[in-house]
Amino acid sequence: MPKRFVTIWFRHLKTDWLIRRQPELSRVPFVLATQDHGRKIVSAANTIAEQEGIYNGLVVADARAIFPDLIVHDDKPDLDEKLLNALANYCIRYCPIVAIDPPNGLILDATGCSHLWGGDLLYVTTIINRFKRFGYDVKAGIADTIGAAWAITHFDEREIVINSEQHYFALLFLSPAALRLDQETLELLYKLGLGQIQHFIGMPRSVLKRRFGNHLIQRLDQALGYEVEIIHPVIEPPLYHERLPCLELILTRQGIEIALERVLECICTRLKKEQKGLRQASFKCYRIDGKIQQIDIGVNAASNNSNHLFKLFELKLDSIAPEPGIELFILEASKVEEVQGMQEKLWMRNFGLHDVKFSELLDRITNKIGANTIQRYLPDEHYWPERSIRLASSLHEEIKTTWKIDKPRPIQLLSKPERIEVTAPIPDYPPMLFRYKGKLHKIKKADGPERIEREWWIEEGVHRDYYSAEDEEGNRYWIFRSGHYANDKNPEWFIHGFFA
Amino acid sequence: MDYSELYVTSNFSFLEGASHPEEYIEQAIAYGYKEIAITDRNSFAGIVRAHAAACVKGIRLIAGCRMDLLDGASLLAYATNKDGYSQLSALLTVGNLRAEKGSSNLYKEDVYAHSKGIKFIAVPPAVLTPSFEITAAFKKILKEYKDVFGDDLYLSASRRYSGDDNKYLYRLSEMSEQLQVKMIATNNVHYHIPERRQLQDILTCIREKCTIVNAGFRLNPNAERHLKTNEEMCRLFRHYPEAIKHTQEIAEACQFSLDELKYVYPDELTNNGRTPQEELSFLSWQGARQIFGDHLSQKTIATIKHELAFIEQMNYANYFLTVHDIVRFARSKNIICQGRGSAANSTVCYCLGITSVDPTKFDLLFERFISSARNEPPDIDVDFEHERREEVIQYIYQKYGRDRAAIVATVTQQHQKGAIRDVAKAMGLSIDTINSLSNIVGSLGEFPEESFEENRFQKEGFNTSDKHLRKVLELTKQYIGFPRQLGQHTGGFVITNGKLSDLCPIMNARMENRTCIEWNKDDIDALGFMKIDVLALGMLTCIRKAFDLCKEHYGLELTLANIPQDDPVVYEMICKADTIGVFQIESRAQQAMLPRLRPRTFYDLVIEVAIVRPGPIQGDMVHPYLRRRNGEEPVEYPSKELEEILSRTLGVPLFQEQVMKIAIVAAGFTPTEADELRRSMATFKVQGLVSKFERKLVDGMLKNGYTKEYAYRVFKQIEGFGSYGFPESHAASFALLVYVSSWIKCYYPDVFACSLLNSQPMGFYHPAQIVMDARKHEVVVRAIDINYSNWDNLLETSPCAFGTSPPRGGCALRLGFRQIKGLREEDMNLLMSKRKDGFKNIPELFNAGLSKVTLKKLADADAFRSIGLDRRKALWEVAAIGDQPIAIFSGQTIVEEKVSLPEMTISQHVVQDYAALSLSIKAHPVSFVREKLQQLHIVSCNELNALNNGDPVKVAGLVLVRQRPGTAKGVCFITIEDETGVANLVVFPNLFEQYRKAIVQSRLLMVEGKLQREGEVIHVIAEGCYDLSRLLRLLTSTKKVKHPLFDETDEEKIFSEGRNFK
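Sequences listed follow chains G and L, in order. Going by this note's numbering, the residue at position 206 of the first sequence is 204; the numbering climbs one at a time, nothing skipped. In this note's numbering, each residue carries its 1-based index in the second sequence increased by 59.
Looking at chain L on its own, in the form it has when it is part of the complex (with noise of 0.2 Å):
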């Protein structure tokens, strides 16, 4: 007799079921099942991956959930077709909505109203009352179900082992009958082995909050839970071989499959009884000819036509429509946006204003964004303002509605360090051996396979042979990959024409407002929905800023698209590595390659963009690729074949295109192969298959007769894009990000620095050194005063407008209020509205409604020099103002003996502006000490360019930023600044170990070593190391007692202790 199993509980039952859903697929197969059902709390999350993996194997999956309700018995239920299935996750989305992220609050009468279609089997109480029956509650909750469900209903039995299950079962037919149930045999699986006991043990612990030493009868008794064979199953249930029978009664009713769900694109985006071809190519044409002119180049028409017809062949209109749609939106409400993604470079997308990028500065063929081997839909991106995407989200929500539009869900995923973290506390281990056991595991990268680093372990001092710690490890690698939560996807909408509900359970979002569906991003591809990502980047709210200030102080109107393009000027500026604040070429790795690359056109920056990243250092690309576009070395390719692919980027591989092309093209993959070999690398690294694809790869490459090392190479590559890549189309429509941000810069550095100011945080670099730079650039810089700052930084019409053509930024920057650490934004909008014709002292801003705290931070910024006062006699004034003379004697002024403070130096000014503001704009900290310095024969940062190649230096300054990429092998880069500028220090790691203290404690940094000198690329390599902090104890002259009572701050300390990266 056949059996199949329908009550499957799978680790999407968070911290309850404790396998995968593909692994009972593969176990269901093993036993010869021929369909299987998952039953998940309340959810639907994990059958598409179950759906997707029977497919392959040629099993069927029944789809299905367990619903535990609020006021009754849990029912197991099964759609039995589409509009059962629809009926199901109408019902999940009702409960859903009804309660927190996560949750479920489900009712009786919620199920009643939603039973058409669906096959119900109700789960009995695990336990007999004390006389040995099945509780009444129970007897009357499976009659209402009776009456409810007919035919439909079946009535669950499980073997327990549990002493008494003859009686248990006894009890169960005897219901059965008397009710005109059928009683139905499951197993109630919770694993797909029985050794998986001890991680679902593990897992109740962590549910619990518990340790498997306390955890007492929380955990099962024992080990049944877990899949049983046929024959297994029918001998458990010989007396009741009907329970058996029943069981291919649902699976036979239940013929519906995931497969049968339709995707249907909304329609409702035509105009004047257009189909939606016809309105994609009306608004096309109209685009066309409002950015290129009524006469259209034979070129465009023809690319035009082509891409149209192929959107066309491959039915694609409406999901242009649905982004143009979204876009449109966001220009009306003049929020920025840009477009990226395979299919976003497209001329159809310039024309319908979705990508500013001009596409005929490519030349690339549209299929070659979508492939439509693959049928799957195209993939378009769209970055917004950071500070307004949400007004994006809820344009969307509203137009189509909550139930037709939703985020899709990240299944987040149980990481190393969590898992081992979870798993230790579970097994009662103490937090210190926690945090350390996590430390180790966070350092070694991929979990260790059966021989783990015992090295790693025993140093740290864990006996590695200890059965409890083997254990642990042992747990915890099964337990890594589980799900732990569904997330929302960073903006992924998913939008239908129908019911979403009618597809998937809809669920609330942990932030407000927001609503996602079940499914994730590969559950979406497997059923062929389309997906677009409304993203957010920070860089755009930045443009926005400073094309509002550009509009109100140099009149003019500025777009992403009208930007002047292919200014010379511009691409010296960026040749000479001057980036600071710029998108994505601001990094110290980015201005070390830009004066070697020397871009000169736009493509060039695409270039740019695209090649510091993990791949192509990783698989080696950068240095053949630089040697080749300085005509060092000749462009050759590994064959004919590979010309084509690489001959845009002399031959060396750099987009992610590329490699998968290659992986097609020389090592035989098929496209649909070569995209889940990338995606194996992106997600979570599936164990084994990774290393089945290398060896694939390699020796596919080797038979068509390339060599092993470039075959090694192209794989290292594809491991490096795994969780970065980066493809041609996403560096293009940055590369215009790029530029953009690079022509304000250069033109109008003084909008530059003050939209970028407001727009913190981003980037890589501190306030100050955006200050410092915009005064070398000649901006004048203004210090905050209660007069005349606002909240934002502002730009103030300077008198000196200097007359260089085209006319550079000629204002001065106003700093604002932000700028103050700890001050609220309330507390400025109130002092700004009160502000009238200026305060005159400090009383008036305290009777407008400040505190005397708010009050003492603009003292600490120095911001009361408009009423001549200095930090120090404002804080005199303020400390005393809490202390006014109130009810008949208010208004009075108290009259004080004159007392005579210290005037402050300049430099303890310098001091507390760093304390208040982390930057100074009346001088440079370390030109107080440079005297010293020099005694000491330092060399200030703007000197070392003056030197050669294998001088001996010695330099110092503030650290700004220490970082030892994973790429780099443990060298640590060092940038530092003094008063002229910075240095780029290398530290190699045998440096490191022995300077460490000195590099790690350091605010300013000495450096001894040797200048190396590559083009106009300079850096000091770093023989010695020493922390020169204490100078800075020199800019104030008052002697402090140290005390270790008194928490007091050291002036060293009041510097930031630099950035530091991985």
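One chain only, chain G, in its complex shape (with noise of 0.2 Å):
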């Protein structure tokens, strides 16, 4: 039995996908552009844009020379393999592979399929009339090869099957292009006046090789059945998940902790084979009621040891309510990442962050007290104190920029600065005395003033003079004015901070 092959060619993709989500650009022209050496082009037109006579690969400003109220949407650079593979999922249904033809194209093997709707000219209605139905003007062909298929699809205003058999005739009148043939081929083919593949397809075969080389040859191969085409099917992004359906229904702790630790294992073994690790992670009970329990877990750093996984779980297991009785346990890993295969040294223990220990330890106390309650702080580049810190993503988060330690910096920052009554002589210099939650403080050293203006593009406002102050008992303090001093009114002065 010979093969069968569908290709659906969605003439425009990204715009019709637009005015499904946003329906009233249904009427307007509008246009995706994506950025090139600092232009915006065209990379999709809807139909009346595409009326208005701008096209793809047209610099935007030029179409709104054309038309000034040009709808500018952006393009996203993976947005059509994007579609396409949602499509080509959608259509599993129709056959169980297909491939996708970028940029707007998608090819069914049909072989064997098309008896189930009624034959292929039912089958291929069926399917373009369910996308059009969805919005996408498609069209679409059936054919022996791909070549054929694809030929018809976009270049033959009527015909959507090819009889076995009929292949050669069917492609007679159809432009050269059909054949799916490079630029420079079908311009030296147009100028030669061959505007038609039955000008050539007759022509002896070293007569085409010496001009066109292999590639006309091929594609004429493909698409008359001569060679065979490979293609590359959709298959289902592989999941992080296992299933362990009871035959008996659960009822106890006991039971839940073995299907726990049975899910986990099978996980971790998995991912231990992939050198990964799991950040987060759910266990699901299905109840027999319809139900479903859930507990939660999340980990600073990706891990795949079960046991350590298991302790934390563990913690919530109470939470579980299996009462009537759970047919069902499904781990599902949300968030899986590398884990870094790092050689282990027999005589040097890695120490810090990088101790799995350590972060295994942290862990446990986060999840037992709750997140939020450890911190990791980076410096950050500002001079104004309060964002010169910043708090870190993760345990690992590479560290940007160096700790500043050419200033001093109390060991202690307020998150606010607090104010003080101080009593200060002429500028520039710190104050002799200041009071503090009701403490008199006698500053016997200072050094200063630091002056830190404000981050203008940030906010506006005066500059602060800090100085590090010594008071008579020893203890030392992070002291500020805040703007100039002037004579007609009191400066307004501050705490921000203690020196150990």
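If you are wondering where the hints come from, they were derived from the structure by calculation, not from laboratory data. All C-beta atoms in this analysis are idealised placements derived from N, C-alpha and C, irrespective of residue type, glycine included. Treat the hints with care, as some may be off.
Stated by the list, open to error - Quick partial rundown of chain G residues pointing at chain L, CB under 8 Å, derived from the structure:
{"no.": "1", "residue": "Ile64"}
{"no.": "2", "residue": "Phe65"}
{"no.": "3", "residue": "Arg208"}
{"no.": "4", "residue": "Asn212"}
{"no.": "5", "residue": "Ala319"}
{"no.": "6", "residue": "Lys405"}
{"no.": "7", "residue": "Arg449"}
{"no.": "8", "residue": "Glu451"}
{"no.": "9", "residue": "Trp455"}
{"no.": "10", "residue": "His461"}
Stated by the list, open to error - Listed next, the stretches of chain G that the computed footprint assigns to chain L, with coverage defined by at least 3 CB atoms under 8 Å from CB atoms of chain L:
{"no.": "11", "region": "187 to 193"}
{"no.": "12", "region": "372 to 383"}
Assemble the dimeric complex from its two separately framed chains, guided by the hints.
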């Protein structure tokens, strides 16, 4: 039995998709555009825009010269592939093997499928109508070869089915472009006046090969079925989950623990094999009454240590109510990362952040007393003290700038500076004494001022003059005056931190 | 105690300093400074303007710079006297010439070699080591400096407000005592007022290529790097009063002023022991006898004597000799040149051969060209053929040496679009936002003042109350006008007698073999240096090529000077606006003016050149002049005193000199003010200055009894002259080239077309129009052919020479390979060298070494006709050419089954001609759709001539030019072409919006409208515009399928989109 292939062409894939999401766009010309060397280039135009003479590759500024009110949306580089993948998955219902044909087509290996729909014609029209109902402007065709199906899909206004044995004839009156040739070959063919496939399909192979190379011959052979073309079907993306159906209903904590251990073991074995570890996981218990009991954990560093993970889950097991009985357990790893596969050294252990024991300890603490209790801070490139540190996003975030050590900074920085009353002499001198929380401090030694100006692009306001001051008890403080010293009004003074 | 700031970084330390030198001077005066130094990074570029500003305001500038060395701590250096200055300048030159343009490589050894007469300040590191000390490395170098410079060395101390200032100053004073180097107070100034800190941060971002958000520690923590008052500086250094005192020590020691620099003309241009004046006199009389014969008229003798006396009085002999020397060199190399400018159209210059404009055609007093009041050097620009100007430049370098001759710099200023781009980028805006901001700003003309045109911004979707956006605009406004880089002037040379580097640092230009100085034209002017402009002009190349062809084919020895003058036949042609390709008067606006002005004499051409310019147009002076010329309006003068100035132009001011004179005579400007006024318009528009002058001019004229309306018109005209000023002296020189090119076109259209094509790109027209125009003038044009063509277009003796008298061009024009898109000259030289008796088949060409790609291009251009192949057959052969028998089979011919290809129609050929050459001599594309056009009642361009004013008409053609000049308030001018000629269309703004799409997109445009006839000038006033480009697809009958995956070239796209002009 010959193979049968369906090719589908989404003529306005991206714009149709956008109209589906924003129906108000259906009646106006609009385009998607990408950045190219600082210019915006049209990467997709809807039908109305095309009628206005706007086509792919046009610079948006030029398109606006043609149609000033043109709506422009940003294109995303992998949008077409994403859409095609989704559409391919949808097509699984029509046949098992679906491949994408970038940038706007699908190829279905429909061998032995169409009879279920009542023959080729009905099969293809069903597919076309389904997509049309979704709002996609599609064309499709079916033939023994991908090449021929593609040719009629894209270049034949009427035919959608080529019966076996009719491929040669079906191609005759089509443009050479229907053979999926490269630009250079096509131009040469047109210049030579060979504007239809019939003009050269009968020429001796040697004559064609001398002038157009193997490329033309290969495409002809693929269309006529003399050469097999390979497609790469879309497969399901790998998902990390484990199912454990139970023949008998589980009702005890012990049973749940056994189930948890089993699924954890399975998933960790798989993760280890792939040098991966999980960051987040959910353990779901499907009860016979249709309700789902679920507990979640998160870890600081990707882990595939089932014992460790088990301990984390164990802390929460009490919250699972098994009544009236659990029939299915599922463990899902919703976030999986590469595990830094570090060579273990026999004589040296990893200390600090890279110590697995350390991060496991942190996991246990945070899972017990709640997230956000233990923080990690990193330096940030700001002179303004409040902004000179920031929260790290993870335990392993690389430090991007070094801690500044050339200026004295207090060991404890108040998140908000607190007002103090001072007695201070003329400009640029530190105070002689200050009162903080009712206590009077006499300053013995001081250094400064260090003048820090506002970051004007973030906020406006006066600068601060910081002093490090030591009182008679030997305690040291970081205090500042807000703004310039002025004779007419008392400047405001604040305390901002404590040195060790 | 007095303090002088000696550490000042201006914005001539590009992307570092954030204030103009002039701003520092202003601020220094406000703070009561007596002197201030400008110390830019390895540069003197900003000191002249600071000096000029300081002179006016009565404060002294100390000339200095900051030297960032590759192997030592930075030094500030100040000239104590003229020798010291020369040393410094020579030192900077050494560093500049070692490095690429814009940077400098200086080593401490260089400084040691040039340290006489200079005071130095060493700049210590800005931070202390963790143990609160100055680095040992600095201590070491300071000791070394001390050993070399002795007591001329000081140690800079600045308060940085970084918390440990007291420790820092203490350590410095400790070191100062230890090494016996005097400590001196500076404030390391980067901007004149603290508010500029924001702009300085932005400059840092631009320099570091980051945004303000991620710039981090690359910015300064505070805003202390501004000029501070005397009292504040004394307070800051209250513990070190001697540091303040030392600033006065340097200030007193450095008494050198830039005014002491004396420019000396080169003096080696005399022979036989004559003085320069004697030499000039000798050469002038010699030239006069050569030109006028041995019997000079009394008038000529008197003029020459008068001019020579004036030159002697002003001591300009050397200047004229220098220009003469350059011109003489060009002549000797057969390079055509033509002088222009204020002094160029004198009889002496005519005698010296600097200009070919016969001064007897003028009646101008020499002094009118040189203002003795301003005591400025005379101004002569010399245009050379653009292809050969480099020879002249290299001659100058060679003759005077690179240490004596250099090109003047141009300070490229930050203009609006660039400024907003840089600032917006530094402020972290997205590329899209930056683009639309720069578009708005670009379309606004002047940068918006306080209440910037909110509408424009809002229309583009900006929130004008957004603080961030306002900040961007505010900083942009400050940033506009900042110097960005030093470029090289288009050709202004400074040549000195002694070493040029004694006067000013020399640097490398970006172009190879060019050296520049750091100062621009204004700086040079301020110091009274002489400058000679060595410029390039495409038309001179074209004329030289034409002269060569005339010699080769007609035996004529033509020069600019010996072309027969005042030929009525030539003027007849000009009056008919038959001037495609002619210098200056070929544009559509000029062509429309010609039949109205009807030039009959040389001076008419001078006026023609000057009248179609923004100046007279903006001043609304064109129509009054035309009316007066045609006797429709009496010639009147606003006053008796203006009659003298305006009589030559019928009472209407047309030339720049006239307008300047009006400002002087009628509005009471001094000559210097008038010149300042013009300059303030020409260069960057200094805010406030323009409106100040406007008031002065208008008030002055009102006071002297002129009408307000007239005063405003004169002012408008000055405004228009600003960027495109056209003085009479320039117009006269250009008029000569207009006449010469017209003469060649008139008598030798074959020569003219050929040389014009060989000088492309230049002028307004595509080769297609030049060829079409040549054929209109009965020149036989022959197609490109592998066996007959050369790279350049050439003339072939035509079998049919026409016998008009005087003999007109009778050669045929053979198109050259240069017309074929994408061909390389080397390949064609190879082809020509292997051609011998001609090629007989395609494999011969391939074996000669031409690649398949090249052969394909030749086939596309249909260049194989002489071996009996049309383009399609040739392409069929070429396509198979790579597959030749090799090794033992080489030389064998492959026998192939005969394949028949479809024959091409003539219209298909024309389309392919356009694709390969952008022109076709087979037929005009529109001729193929003529029948269709007739069915639509569309007339041809030629038929327009038979219609009457006001007739409704439809006309169609290929779009050649679309133009929306700024002076025309949104009116769009379109020129279209069909097989019979061209038609000029006018589209008014409201219609433009309505038919925008058709106008912008059409290749073949049809316009429906009314005919407007004004004498011989015909326009079609559009009432509707329609895109007929689709008709062009009929030219090739092959049906193509539109498919987005294939970028098939549409037939219509093959035809040019037309040129768009602003």
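Here is what the structure says about each hint:
no.: 1; hint: Ile64; verdict: 5 Å, holds
no.: 2; hint: Phe65; verdict: 7 Å, holds
no.: 3; hint: Arg208; verdict: 4 Å, holds
no.: 4; hint: Asn212; verdict: 12 Å, violated
no.: 5; hint: Ala319; verdict: 50 Å, violated
no.: 6; hint: Lys405; verdict: 6 Å, holds
no.: 7; hint: Arg449; verdict: 4 Å, holds
no.: 8; hint: Glu451; verdict: 4 Å, holds
no.: 9; hint: Trp455; verdict: 5 Å, holds
no.: 10; hint: His461; verdict: 6 Å, holds
no.: 11; hint: 187 to 193; verdict: holds (count 6)
no.: 12; hint: 372 to 383; verdict: holds (count 4)
Hint compliance for this structure: hints 4 and 5 are not met, and every other hint is.
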